[in-house]
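Just so you know, the sequence shown maps onto residues 785 to 1031 in our numbering.
Rather than coming from a laboratory, the hints here were simulated on the basis of the structure. Just so you know, not all the hints are guaranteed correct.
To be verified - With a straight-line Cα cutoff of 25 Å, these simulated DSS-like cross-link-like pairs (lysine-lysine) come out:
{"no.": "1", "residue 1": "LYS791", "residue 2": "LYS886"}
{"no.": "2", "residue 1": "LYS1001", "residue 2": "LYS1020"}
{"no.": "3", "residue 1": "LYS1020", "residue 2": "LYS1007"}
Claimed, not checked - Okay, the calculated beta carbon distance ranges per label pair:
{"no.": "4", "residue 1": "ARG994", "residue 2": "SER832", "range": "27 to 35 Å"}
{"no.": "5", "residue 1": "SER792", "residue 2": "GLU1009", "range": "38 to 46 Å"}
{"no.": "6", "residue 1": "GLU850", "residue 2": "ASP893", "range": "32 to 40 Å"}
{"no.": "7", "residue 1": "GLU1017", "residue 2": "ALA993", "range": "19 to 27 Å"}
{"no.": "8", "residue 1": "ALA934", "residue 2": "ARG864", "range": "58 to 66 Å"}
{"no.": "9", "residue 1": "LYS919", "residue 2": "ASN957", "range": "42 to 50 Å"}
{"no.": "10", "residue 1": "ALA993", "residue 2": "GLY871", "range": "53 to 61 Å"}
As the structure is a computational prediction, the values presented were derived from the model and not from experiment. From the three backbone atoms N, C-alpha and C, an ideal C-beta is built for every residue, glycine too.
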Amino acid sequence: MPVVKNKSIRIGMLGTCAILVDGQLISGVPSSFYKIAAFLLLSGRQESVSRQRLRSILWSEDGDAERAAANLRRSIARIRELQAGLGFSLIQSNFNTVYLNKTANVSWDLRDYLRTLSSGNPMGEYPGELLADLKNTGPDFEDWLAEQRAMLRSRHIDRLAEELTRNGTSPSNRSGQLALAQKILTVDPCNEEAYRLLMLDAADHNNLARLEQIYQKCEAEMKRELGVSISSETRKLYANLVSALTG
785 MPVVKNKSIR
795 IGMLGTCAIL
805 VDGQLISGVP
815 SSFYKIAAFL
825 LLSGRQESVS
835 RQRLRSILWS
845 EDGDAERAAA
855 NLRRSIARIR
865 ELQAGLGFSL
875 IQSNFNTVYL
885 NKTANVSWDL
895 RDYLRTLSSG
905 NPMGEYPGEL
915 LADLKNTGPD
925 FEDWLAEQRA
935 MLRSRHIDRL
945 AEELTRNGTS
955 PSNRSGQLAL
965 AQKILTVDPC
975 NEEAYRLLML
985 DAADHNNLAR
995 LEQIYQKCEA
1005 EMKRELGVSI
1015 SSETRKLYAN
1025 LVSALTG
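The whole structure should be built from the sequences, with the hints applied where relevant.
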């Protein structure tokens, strides 16, 4: 692979996994690159993990320490070759550990997203599931991945909920509230606070059909996802709004 320097490197791990160089998709990227980088960033101590820990999480089903060690060596060698050919060095290693190079000149969506979660900046749409298109990742890594996906979704919802609370319930803020409510429902389809905001907006526009549609959607999602009924607060709001529109 020819060496490419001074190029724009973009690494995607939320939704579709991809590496792009100046907008061009790079083929043949080993799945281990995405798995190891994500694990180092999310679970590494100071973005560093022992080789033994990586072997156990990535090849837990082997039951053979020597074979797992050989798999890791091959994966690291392929990653090193890939990075050298593209002119960057994100994942590095020594005899005992594998770690992230914090000075690597790359744009990485997962790292940027974590920074946004930790900042006070407004949240956008949920960027997609972590490593969504990787298959056959092994039982231990799959368990870890499920936990990380749930954590990222939860943090995203919490940040949106904080923004919703800061905006208040004044009709003058309704446009921003509705946008936040829609963002929340794309990640958490059972969020009753978001549904209540949509119901209030429908009532403000004297749209009874829309109000009923939103309520029924909330009811269906609560039963399908959680197996529970709508809360008394939401039922009461719905009844009051219907009464106001039809009375």
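message = Tell me the hint numbers this structure goes against, listed in increasing order.
response = 4 and 8
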